[in-house]
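Peer 1: One-letter residues, chain by chain:
Protein chains: 2
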Amino acid sequence: MSQQRIVRVSLEHPTSAVCVAGVETLVDIYGSVPEGTEMFEVYGTPGVDIYISPSMERGRERADTRRWRCNAGLEIIVVMNSPSNDVNDSHVQISYYSGHKPLPLAYTVLYLTCVDITLDCDLNCDGRQNGSFRQWVWGPMVWAILLVNCDRDDVNCDDRDNYLEDMSVMVLRTQGPAALFDDHRLVLHTSSYDAKWARVFHACGPEDSCEAYRHVLGRDKVSYEVPRSHGDEERFFVEGLSFPDAGFSGLVSFHVTLLDDSNEDFSESPIFTDTVVFRVAPWIMTPSTLPPLEVYVCQVRNNTRFVDAVAELAMKAGCKLTICPQAENRNDRWIQDEMELGYVQAPHKTFPVVFDSPRNGELQDFPYKRILGPDFGYVTREPQDSSVCGLDSFGNLEVSPPVVANGKSTPWGGSSLGQPAWRVQPPVELFVDWLAVGHVDEFLSFVPAPDGKGFRMLLASPSACFKLFQEKRKWGHGRALLFEGVVGNNQVSTISINQVLSNENLISFNKFVQSCVDWNREVLKRELGLTERDIVDIPQLFKSERRKAVAFFPDLVNMLVLGKHLGIPKPFGPIINGRCCLEEKVRSLLEPLGLHCTFIDDFTPYHMLHGEVHCGTNVRRQPFSFKWWHMVP
Amino acid sequence: MSQQRIVRVSLEHPTSAVCVAGVETLVDIYGSVPEGTEMFEVYGTPGVDIYISPSMERGRERADTRRWRCNAGLEIIVVMNSPSNDVNDSHVQISYYSGHKPLPLAYTVLYLTCVDITLDCDLNCDGRQNGSFRQWVWGPMVWAILLVNCDRDDVNCDDRDNYLEDMSVMVLRTQGPAALFDDHRLVLHTSSYDAKWARVFHACGPEDSCEAYRHVLGRDKVSYEVPRSHGDEERFFVEGLSFPDAGFSGLVSFHVTLLDDSNEDFSESPIFTDTVVFRVAPWIMTPSTLPPLEVYVCQVRNNTRFVDAVAELAMKAGCKLTICPQAENRNDRWIQDEMELGYVQAPHKTFPVVFDSPRNGELQDFPYKRILGPDFGYVTREPQDSSVCGLDSFGNLEVSPPVVANGKSTPWGGSSLGQPAWRVQPPVELFVDWLAVGHVDEFLSFVPAPDGKGFRMLLASPSACFKLFQEKRKWGHGRALLFEGVVGNNQVSTISINQVLSNENLISFNKFVQSCVDWNREVLKRELGLTERDIVDIPQLFKSERRKAVAFFPDLVNMLVLGKHLGIPKPFGPIINGRCCLEEKVRSLLEPLGLHCTFIDDFTPYHMLHGEVHCGTNVRRQPFSFKWWHMVP
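In order, the protein sequence lines correspond to chains A and B. By the UniProt record's numbering, the letter at position 242 of the first sequence is numbered 242, and the numbering carries on one by one without gaps. By the UniProt record's numbering, the letter at position 532 of the second sequence is numbered 532, and the numbering carries on one by one without gaps.
Be careful, since some hints might not be right.
Unchecked claim - Below are the DSBU-like pairs computed for lysine-lysine, each with C-alpha atoms no more than 30 Å apart in a straight line:
| no. | chain 1 | residue 1 | chain 2 | residue 2 |
| --- | --- | --- | --- | --- |
| 1 | A | Lys349 | A | Lys564 |
| 2 | A | Lys474 | A | Lys453 |
| 3 | A | Lys511 | A | Lys548 |
| 4 | A | Lys525 | A | Lys564 |
| 5 | B | Lys320 | B | Lys349 |
| 6 | A | Lys221 | B | Lys548 |
| 7 | A | Lys101 | B | Lys196 |
| 8 | B | Lys196 | A | Lys196 |
| 9 | B | Lys349 | B | Lys369 |
| 10 | B | Lys467 | B | Lys543 |
| 11 | B | Lys627 | B | Lys196 |
| 12 | A | Lys474 | A | Lys525 |
| 13 | B | Lys101 | B | Lys349 |
| 14 | A | Lys627 | A | Lys453 |
| 15 | B | Lys221 | A | Lys548 |
| 16 | B | Lys525 | B | Lys548 |
| 17 | A | Lys221 | A | Lys196 |
| 18 | B | Lys101 | A | Lys474 |
| 19 | B | Lys543 | A | Lys101 |
| 20 | B | Lys627 | A | Lys467 |
| 21 | B | Lys369 | B | Lys472 |
Hints are computed from structural coordinates only; laboratory data are not their basis.
Let's have the full structure, built from the sequences with the hints guiding it.
Peer 2: This is the structure:
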C-alpha cells in the first residue's frame, strides 16, 4: 500500500490521529519546534513502529532511543500493524532538546487509534483470497471477476434476475474500537462511469429474507454509507451489467473510504481509501472443435428425416438434442443464423450464454423464450444504424480453434470470422461478397485432429473437385451421374461427369470461386498462422446465380461437427462402383484423422433453399479447459 | 507487403493474371500437371522475377534456367516491380519434362499485367512521405495524422467548414496500362465504424471550383468507386470528426481495393488491397508553465481597475489581451470556468481549440460566437446524465507541466486534475469536497522555474501562514491588521494577527484544511513523481462556510501565470514596516525563481464572490515544442 498520510503535531496541545494498519503516517514536527531545539527524541507505546528517514533518500532507521539532530530533512514515519482496542490507546511522544542537555525543552504527544480496513474479493466456495485487488492482473491467481448476470434463475419472473450465486462477493473487513465509528464513516463508492457497468448489493438483513439484499451501487447510485450494524465483516454481492466491447474495457473499480466526521464545523475528510478492481468476464465463443453438449434443430414442414438423422448423430456423439417445434419457428429453419452459443466464466461459476443475432427472423423469440433460463444466459445487440443485412446472421460468425499467430497467443478461439455485428474475440475479416448468401460457413469449417495444431481447416475447393472428376473420367467413369439418388425432388436433373467437365461456364465460374477461396486462404494462413499442412481441400463446386455463388451440389464443408462425429450434407455425387465418389473422397481425407463421416440428406429442405446441415443446426459446447483470465491478451 | 495471391494455371489454355508491383504471386501448377511429369522449368520475360521455394521452409532460390523436380512441396513465386505498358505484355512459361529428356511433355503459359497501386499519406507542404501507412506507429516519422476540422475558416458561414488546408492529404497512385481499367475497378472503402469518425473528400473537379471536392467517404458512405479520370494520381482530403476519447481510440483506416470485374457472369473479386491508417490528433491542454500568447478577461459592472491591471500585466508579458464585453458576458466573470484553451497539432498544421465546458452560464455563447474562427477550433461536450455540477467548471480542469512519473513519460502535460467531464491527458483525481466551490485551482498552481523539473507546484498552506504570523507576533507585530487597505468595501472588518492566532475555531478549521491539502499533496507527489523540493508552500488561510472552506483572505495560489510574470490576488495582509507581510513572504519564495510578482486587487469583484484572479482570466498558450506523436503513450 503506497498511501501515506501526513499528521502535523503541535506544542500547544496533544494531537489525535487515526491510522490504518500497515499504512505509514508521516509525522511533521517542523511546524512547531520550540526555540533553541537542536535535537529530538521519539518514543512510541508498544505496537507503534517508528522510523526516522532522511526524506530525499531511501534509507530509514528504527527511531529507538537515540537523539536525532533536528533538521527539516528528517522525516518521522509511524506504522501500526494491529487495530487498537480503544480510541487513542497508543501514542507517540516527541521530546525536544537543546544540544545534549538531559531535560527536554518541551514535548508533543500524538495519540493514535489504529483500524484495519480492507476491501477484498472473495469466493463463495472456499473463501480463498489473494490480498491485493487494487490493480487487475491477468494470471492464475485472479479472482476479481464479475459475471454479467444475464440468466433467469426464477423462471416465473419476466425480468432478469439477481440470483446471488451468479454474483461475485466483495468483503469489507474493519477492525478497530467501535467508538471510533461514532464520528467516522465508511463509504463504499465508485465513479458514475463505472456505475453503468455493474451493480452492488449489500447483505444487510437477516439471511434468506427478501429484504436481506439492498441494491447500494449502480446507475445513479455512486456512493453508499456502510452501516456499522453486525460485526467486522460486511458482505457485498456484485454483478456485471454489460459485456466488454468497444465502448467498455471490462474493468470496474469500487472503493471504500474512511471519512473523519468528528468535527461538526468541518466537512468530512478522507483518512484512507482501499480499492478493488473487477473485470467483467467476456462472452466467449466456442469453436466447432470443442466437445458438444447439446444440439439444436428446428422441426419444420418437410424435414422429418433430416431431424431424425441429426437426432441419431447427436445420440452417437453422446449429446442432448433440443428440437424447436414448428409452432415456435414458423418454418424458419436457420437456427445457426438466429443465435450463437457461448459461455461466461468466473472462478465461482460458469454458464452458457446465447447471443441472439440482430437477424430477427421468424425464429427471433426462440433464444429469449426457450433458451434463457436458470444458469443459461442471454445477450443480444440491436442492429447498428437500424439496418440488418445477411452479414449480421450468425452463419457469418464463426470462431477458429485456439491458435498462436503473429507472435500473439489467442487461445480461446482465435478469431471470429466474417464481419459480425459484435466482436468479442479478435476478428479476421474475410471476403464473402462473391457468395449469394455470403456466410463464411459456406466455404470454411474446422474439425478436430489428433496431430498438428489439434485441428484442420476445411476449405471448399472447386480445383480439388475438378481434379477428382478428371481422374474419374480418365478411369472411364465420365458418364457417372450427379443427383441420381435425390429423393422426391423433381426440380433437379442429373448431370454426368463428362457434362460437368465440358461446361465451360461452370468451369470458368469455379475458377473464379477458387480465386475467391484462395484470397481467404491466404488471409487465414497469415492471420491464424496456418500452413498448408493445417488445411484440407474438400471437393466442391459452385454455380452462379445473378453473378454470385451458390453450392452446385450440397455444400460438404457446411457440416455439423460433434466431436469425432461429422454430419455432412449428402452430396449426391457420381456413383462409381456403387459408391458416391465425393463421399468416398471426403472419407479418405477425414477418416485418417479419426473422424466418422455421416452423410445427411438435406437436399430438399435445406440445400434447395441455399443452406445446409450447419445452417440448420446449432450446438452448445463445453467451455475451454483453460481459464480466459490465465492468458494475457 | 505481406499480401500474396495464388494463381492456378492450367494445361488447356493460357491463364491471365494481374499482379501488383512488389507483391508476390504464388503460381500453383499442381492442379494440372501432365501425366509422367518428373521435372519442370520456368521461364519469365524480362521484368518478371521468379523464385522457387520449398513451401514449408524459409529459403528460396532464383528459378533461373534450372530444371526442378516436380513435387507438390515446391512453390513458384512470381514478382514484378514495374508496371506493364500493355495488358498481358509479360508472361511466365512452365515446361513439364519426363526426367531429363530434352523435349517437354507440355507447357503452360501465364500472361501477366503488372500495376502499381499505393495509397499514401502526403504532406501539403513538401510532399514528403514515409512509405508504409498500413499500421500506425508512434515516432518522429509519422505523418498519418488527422485534425478534427473544428475551426471556422469562412466567418460568414454558420456551419463548421471543410477548409482544405486543415485536412490531411491521402494520395492514390496507380500506374499500369489504361486498358486494364476497362474491366477492373478501384474502390476506396472503410468500415461503417471508422466512417463515423472521419470524412474523405475527392479532388475530382477543376481546381478552385466549388464542385472540385466531392464528399466520398463518411457517415453512410463506406465505399467509393474511384473514377479513372485524370492521370495516375488521385488526391483525397481527409478530416477528423471527433476527438479521441473513451469510445474512440483515434485510429481510422482507409483501404483501396483493386477489383476484377472482367467477367460479366461472375461477381467482382479482389486482387489487391492497400491501407492507410490515420490517427486523429488529440486535443492537448496547455499547463500554466507554457509561454502565454493571449489573455482573456471579462469586463463586468465593477471590475474596471482589475481589467486595467490584467491588461498591464499582459503587456509586460508581451501577450495579446482580449476583453469580453459586458454585453456578451452579462456580468458572468468566471471565464476560467467557461472554457479551456488547448490546441491540436498535425505535421501540416497546428491551431488552438477552445473546449467549451458543460457549465453553460451567462458566458455560454462566448466560446462559440467569439473564439471560434479561422484557425481557431471549438469543441464541447454536453453534460453526462443531463446534470451539471460545479465540478464540470473548468476551474476544476487543470494540467500539470510535463512529468515523468511511475516509470511512464507523460510529456505533454501529465495529468488533468480534478474530475473533469472529459479526459484527454491521463487524469489524477484529487479530493476537493472540503472546498465550498470545489475547484483544484483554489489550492494548487504551477509556475515555471529555472531548475529542478522546470517548474514548482504551489500549494495553499495554512500551516505556513500560522508559522509566518507567529513569527510576526514574536517580533512585536501582533497588532498589525489584515484587510486594512481594502478599498470601497464595507462588508469586511479588519482583524489583527493576535486575533487570528487566538481564534480557536479558525485555527482548528485551518488544521482541517491543512489535512485536506496534505492528502492531495501526497496524491500529487505519488502520481506526478514529485518530491518536497518541487513544492512551495504559499501561506494561506481558509474559513468555514457551511462546513466547507473558502479563502479567508484573497487566495494567493489562484494566480494568473504569464511566463515569469505572475498576477497574484492582493492578499491585504498585515502591514509591517510599510509592507504587506504576506506579499513579502510570497516574493521571498518566488522571486528567487526569477519570477515577477504583481499583486492585483480582486477583493470586491472576485474574492467576495469566492473567486480570484485565476478564476477571472483565461490564457491561450504556445503549444509544446515537442510533437505529441513523437512519444509512445
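Peer 1: Which hint numbers doesn't this structure obey?
Peer 2: 2, 7, 12, 13, 19, 20 and 21
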